[in-house]
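**Student:** Given chain A, put chain B in place with the hints provided.
For the record, the sequence lines run as chains A and B.
Note that the working numbering has the first sequence beginning at 1, numbered continuously upward.
Note that the working numbering has the second sequence beginning at 1, numbered continuously upward.
It should be emphasised that the hints constitute simulated quantities derived from the structure, not laboratory data.
A couple of the hints might just be wrong.
Said to hold, decoys possible - So the derived list for chain A, only partly shown, Cβ under 10 Å to chain B, looks like this:
id, residue
1, Ile95
2, Thr97
3, Ala116
4, His137
5, Arg138
Stated by the list, open to error - Some chain A residues close to chain B (C-beta under 8 Å, calculated; not the full set):
id, residue
6, Arg12
7, Met13
8, Gly41
9, Leu48
10, His49
11, Leu54
12, Asp55
13, Thr78
14, Leu79
15, Arg82
16, Asn93
17, Leu98
18, Val109
19, Asn112
20, Val187
Every residue, glycine too, gets a C-beta built ideally from N, C-alpha and C.
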Amino acid sequence: MIRCSAVCKSYRMGGQSIAALQGVDLVIDRPGFYGIMGASGSGKSTLLHLLAGLDQPDSGTLSVSGIALHSQTERDLTLFRRHKIGIIFQQFNLIPTLTAQENVELPGVLANQSLATLRVRSTELLTSLGVAHRLTHRPDSMSGGEQQRVAIARALLFRPGVVLADEPTGNLDSASSKKLWALLAEVAATHQLTIVMVTHEPAAAVHCSRVFILKDGVVSGSFETEGLDASGVATRYQQLVA
Amino acid sequence: MRAAWQLAISNLLRRKTRTGLLIASVMLCAMLICAVACAMASLTRGLDDRIKATVGGADVKIKHVGGASFDAGLLATVEAWPNVELAIPRATETLALVHRRIAGTVGATGAAGDAAVGPELRESVIGIGIIADREARTRSLELETTTGKAGGAPLGRFPVAVGEITIDVVTAKKLAASVGDTLIAELFSGEVPLKVVGVVRQPPLGAIFERMESFTTVEQLSLLADKPGRIGEIDVILTAGTDPLAFVEQHKGTLDKGLTLQATAKITSGLDKNLQSQQIGFVLASVLAFVASAFIITTGLTTAVGERARELAVIRCLGGFRWQLAVSQLVVGAVIGGAGGLLGMPLGVLASFILVQLFPEQLPGGFALSWLGVVLALVGSTISGLLGAMFPAFLATRVSPLEGLTVRSKRAKPWQIIAVLIGGILALSVTVSILTLVSDGGTVFWLYVFLGVPCLLTGWFLISVPTLVAMNAAVSPLLGKVLGLPSGLLQRSIGLTPFRHGFTAGAMMLGLAMMVSIWTNGGSILRDWLLALQIPDGFVQGINMRETTRQRIAAVPGVASTCAITLQAVETDAFGIRGLSTYKTSFVAFEPQSFFDMTKVTWIEPAIAAEQQQAIEKLKIGSAVIIAREFKVARGLGVGDKLTLKHEGKSHTFSIVGVVTSPGLDIVSKFYDVGEGYVDQALSSVFGSRDDLIARFGNDAINLVQLKLAPDADAKKVFSEIAKIRGGGILSAGSAVEIKARITEFISGSLLVASLVAIGAMVIACFAVANLIIAAVATRQYEFGVLRAVGAFKGTLARLILGEAVIIGLVACVLGIGMGMQAAWGGQRMYEVVIGLVLAVRPPVWPMVFGCVAVMAITLAAAVPSAMSLLRRQPRELLGGMKG
Chain A
1 MIRCSAVCKS YRMGGQSIAA LQGVDLVIDR PGFYGIMGAS GSGKSTLLHL LAGLDQPDSG
61 TLSVSGIALH SQTERDLTLF RRHKIGIIFQ QFNLIPTLTA QENVELPGVL ANQSLATLRV
121 RSTELLTSLG VAHRLTHRPD SMSGGEQQRV AIARALLFRP GVVLADEPTG NLDSASSKKL
181 WALLAEVAAT HQLTIVMVTH EPAAAVHCSR VFILKDGVVS GSFETEGLDA SGVATRYQQL
241 VA
Chain B
1 MRAAWQLAIS NLLRRKTRTG LLIASVMLCA MLICAVACAM ASLTRGLDDR IKATVGGADV
61 KIKHVGGASF DAGLLATVEA WPNVELAIPR ATETLALVHR RIAGTVGATG AAGDAAVGPE
121 LRESVIGIGI IADREARTRS LELETTTGKA GGAPLGRFPV AVGEITIDVV TAKKLAASVG
181 DTLIAELFSG EVPLKVVGVV RQPPLGAIFE RMESFTTVEQ LSLLADKPGR IGEIDVILTA
241 GTDPLAFVEQ HKGTLDKGLT LQATAKITSG LDKNLQSQQI GFVLASVLAF VASAFIITTG
301 LTTAVGERAR ELAVIRCLGG FRWQLAVSQL VVGAVIGGAG GLLGMPLGVL ASFILVQLFP
361 EQLPGGFALS WLGVVLALVG STISGLLGAM FPAFLATRVS PLEGLTVRSK RAKPWQIIAV
421 LIGGILALSV TVSILTLVSD GGTVFWLYVF LGVPCLLTGW FLISVPTLVA MNAAVSPLLG
481 KVLGLPSGLL QRSIGLTPFR HGFTAGAMML GLAMMVSIWT NGGSILRDWL LALQIPDGFV
541 QGINMRETTR QRIAAVPGVA STCAITLQAV ETDAFGIRGL STYKTSFVAF EPQSFFDMTK
601 VTWIEPAIAA EQQQAIEKLK IGSAVIIARE FKVARGLGVG DKLTLKHEGK SHTFSIVGVV
661 TSPGLDIVSK FYDVGEGYVD QALSSVFGSR DDLIARFGND AINLVQLKLA PDADAKKVFS
721 EIAKIRGGGI LSAGSAVEIK ARITEFISGS LLVASLVAIG AMVIACFAVA NLIIAAVATR
781 QYEFGVLRAV GAFKGTLARL ILGEAVIIGL VACVLGIGMG MQAAWGGQRM YEVVIGLVLA
841 VRPPVWPMVF GCVAVMAITL AAAVPSAMSL LRRQPRELLG GMKG
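The shape of chain A in the complex, shown without the other chains:
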């Protein structure tokens, strides 16, 4: 599903060039819930943005769901984001002027799909995620946890093979966060999806089947979390970044 080979990406900031990724090699070839951990500035978000087709690498090859992102046109990347992946942001990023249902349907509306079909699908998703009672509500009348569930529903509209989540619990309390991690794991298992979550929290990584560690712009290692708790994950993490 996801293959990165020698991916490099740098940015200019304040007149200086900052190498965010310096040759990332990463392979995920099975559905599941995966985590990417790393210190602040390690390149986690940059890698996620590249995987989402929001940016393109300076060098290297990068393919998601069989599509070589490094050689796509802007139009192709837009269609890729619409149909092939789902994105869950840290700040939910729901459109404030649309209801929960309309937010979920938005990618479909952009694709000019039939409203009736979209309505059925959006209702089904919101119900399965436990926010059916918020169908006609706007974001400003929902809690953070509810908003994030709506964002998950939106990401799943087109049944993508890959869902990318950028610190999805960054704006939630710990109780809501735990529920959300468990939900993501369940969604990955139920729908046979590949969910890749960027996080810096060991408590989040516990719910992942495998965690990749990013250090100084490269993948310095990975480990499976089966049998580990949060402190175990933290210990393994420290070992790989040392």
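**Tutor:** Frame of chain A; chain B shown alone:
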């Protein structure tokens, strides 16, 4: 497309207040345009009715070129022409009517022995001699009714015999006369009693032209005028199928010199041409108004795009194409514009309807719907919305998914400020170049209208940003201290978004610019042209005045000398704009030596006194004219050049022997005008001898008698004595002082009315500014929340908003004055190329002060609701603006 539509509508409906404010500004613009259009159409209908009432249903008309009378024997000749169904004679003279209401006196209403019923009443009226049954075939003269309303019994009848008179309602009111009363016609030679046999309604717009009319038989009027066997015009109804133009061609050569034969359609064509020019001018003004409206929408929607950058970035992340975001913006613009037009158009129609009900005398034709105004209001509003949305649409396509998500606000880069400064200067340079480098008047006009004015608007709009940056640096530190704000907060706050603040100031500048340019040009016209005219001491105006009339005037104590003058509107190609409107010129004819002896003029050419006298001698010889300075300014004509003057198919080329400043006889005649001046507008003058005018164009009528007063004469007393002269064709008399006072009153009144329009523009901009300030507050909601969270008082935030409004207002004042002065300079150049007027541009201090006060007040008023809203909201609520 559906996605774009859904995003647009949800955005508009969710932000109802701001949507409403933008729609309101477009609505007011559309309402104004539609109201003006319908008012113009209503006025046009009244003018049409008047033309029909005065020109009548005749096919052709015979009259003297100068309005003098001619032998009534021509009537029989005309009736004998083939294809003539009916010939209707008419005569026109001035009548001095008196109603004596004291018992026992001749003509008294009361019987001998009755008690006195009131003082003697006198009025000068236009007397019209008619043959009543023939007149009814061509003109719709309506008798007043006994009830004063339509459907009532007619009040009397038209005169059919000598000794009878039918007066109009205004004359009846002023003389307190009605059917059965006897009025006295005062003549030089004595008095003639006339019995009132009927009261007639005034023709449309009669009140505006202040003409009182009374009707007698043709025979009676010629006796009263001491011109037996003379008439003033003959209307001719042709047999069915006869071509009036061919008829004119066939017979015009058989008439005596001085008489014209004209198809009546041609008479009205002058009005049609003027109305067409007015319509073109109206369309141009409407286009400019909608361009200004588009700027307001651009600013509002651009701010909204900035505010919604994150939202737009999310849509891009989810797979939205750039074009979908762009179309969404265009839909927003079209809806705002379309809604504004749909709401404003009926309000404009209603406003015009109410105006017609309130002023029935000035708008006697009743309410007329202008489809041009309706279409302009609807289509113009929608197009201005679309145009206004184009730049925001472009900006929306530039939103990068990554940058839109990660950066909450971007600081403007210095090169961007410099770029708009350069862009603004370039745009203004285009305007300046057109006005200074292009020499042909017509080219200057059209280039200025279609390119110069849009560049003027755009240039000052762009310059608003660097102006704001400069004002922020200069004023904000001090203003922040005065408002008790933390050091640097105000300056930093404004400096973060100079484009938003600058364009907001740009939206506010237009009303002030209008006021400044109107008062600058209006003041210049008054000061440099009208009040600078060296108008002679006084004038007497009338219809067909004779030499005996002039002698009676000259005999009044205090009158040092008199000069008989004929005014004739002639065609030249000197003034106006081809394709829009051209203006006639007044040929002012007199006895040269006596005119220049008594008239103060300043010679432009020749400069030497001896040569000036030679020029006067050449006028006596003939085929020579002296021209007003405006000819030299507009067309570069001077001594030695030739000028061809035309009238009713006759033309003659004159040699120009001098250039002088005009004594304003053409202006004077407009103030006492009894002619149908709205049909043919005449500007400026050429001066020649009466002999020349008679020889070339056959006009020997005396329209004005110019007066020179003795140095120690009491002007008031002199004119009081002149007013007592009755008959002899005198209609009115006035002094230079009185004329200048009336000019000043008229211009000042017009400027005040125009100022209301400027204030209206400021109010329109107020809605836009309020929208922008609300949007700005919404965008910075989180920042305000952080400020409150770290300890800022809520009053601090409110004062910050008001401080920003002060800076915006100050920038708007600077921009408004600058743009207004540049527009005034452009207007001055237009006056120069179109009508040859040279005006000085002097800043009008008090209107500027008033305008700036209005701008500041309106800008602060627009900011108050947002400031109050911030006062009411808790920090948590402000911080919650981060949600989603």
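**Student:** Hint by hint, note whether the structure agrees.
**Tutor:** For each hint, the structure was consulted:
Checking A/Ile95 against chain B by beta carbon gives a least distance of about 6 Å; that is within 10 Å, so the hint holds. Restraint check, A/Thr97 versus chain B: the minimum CB separation of about 4 Å is within 10 Å; hint holds. The beta carbon of A/Ala116 is not positioned within 10 Å of any beta carbon in chain B (closest approach about 13 Å), and the interface hint is therefore violated. Look at A/His137: its Cβ only gets to about 12 Å from chain B, farther than 10 Å, so that hint breaks.
Of the supplied interface hints, the one on A/Arg138 holds, with its beta-carbon coming within about 8 Å of a beta-carbon of chain B, less than 10 Å. Against a cut-off of 8 Å between C-beta atoms, the interface hint on A/Arg12 is violated, since the closest Cβ of chain B lies about 13 Å away. This hint is violated: A/Met13 has a C-beta 12 Å from the nearest C-beta of chain B, more than the 8 Å allowed. The beta carbon of A/Gly41 is not positioned within 8 Å of any beta carbon in chain B (closest approach about 14 Å), and the interface hint is therefore violated.
Taking 8 Å as the C-beta contact cut-off toward chain B, the hint placing A/Leu48 at the interface is violated, the least distance being around 11 Å. Among the interface hints, the one on A/His49 holds; its C-beta lies about 6 Å from the nearest C-beta in chain B, closer than the 8 Å criterion. For the restraint placing A/Leu54 at the interface with chain B, the shortest Cβ-Cβ distance is roughly 5 Å, inside the 8 Å limit, so the hint holds. The beta carbon of A/Asp55 comes within 6 Å of a beta carbon in chain B, closer than 8 Å, and the hint placing it at the interface holds.
The criterion of a C-beta within 8 Å of any C-beta in chain B is met by A/Thr78, whose closest approach is roughly 5 Å, and the hint holds. For A/Leu79, the suggested interface contact is upheld, since its CB lies about 6 Å from the closest CB of chain B, less than 8 Å. Below 8 Å, beta-carbon pairs count as interface contacts, and A/Arg82 has one with chain B at about 2 Å; its hint therefore holds. For A/Asn93, the shortest C-beta to C-beta distance to chain B is roughly 4 Å, which falls under 8 Å, so the interface hint holds.
With its C-beta approaching chain B no nearer than about 6 Å, A/Leu98 sits inside the 8 Å limit, and its interface hint holds. Against a cut-off of 8 Å between C-beta atoms, the interface hint on A/Val109 holds, since the closest Cβ of chain B lies about 4 Å away. Restraint check, A/Asn112 versus chain B: the minimum CB separation of about 6 Å is within 8 Å; hint holds. The closest approach between the C-beta of A/Val187 and any C-beta of chain B is roughly 18 Å, which is over the 8 Å cut-off, so the hint fails.
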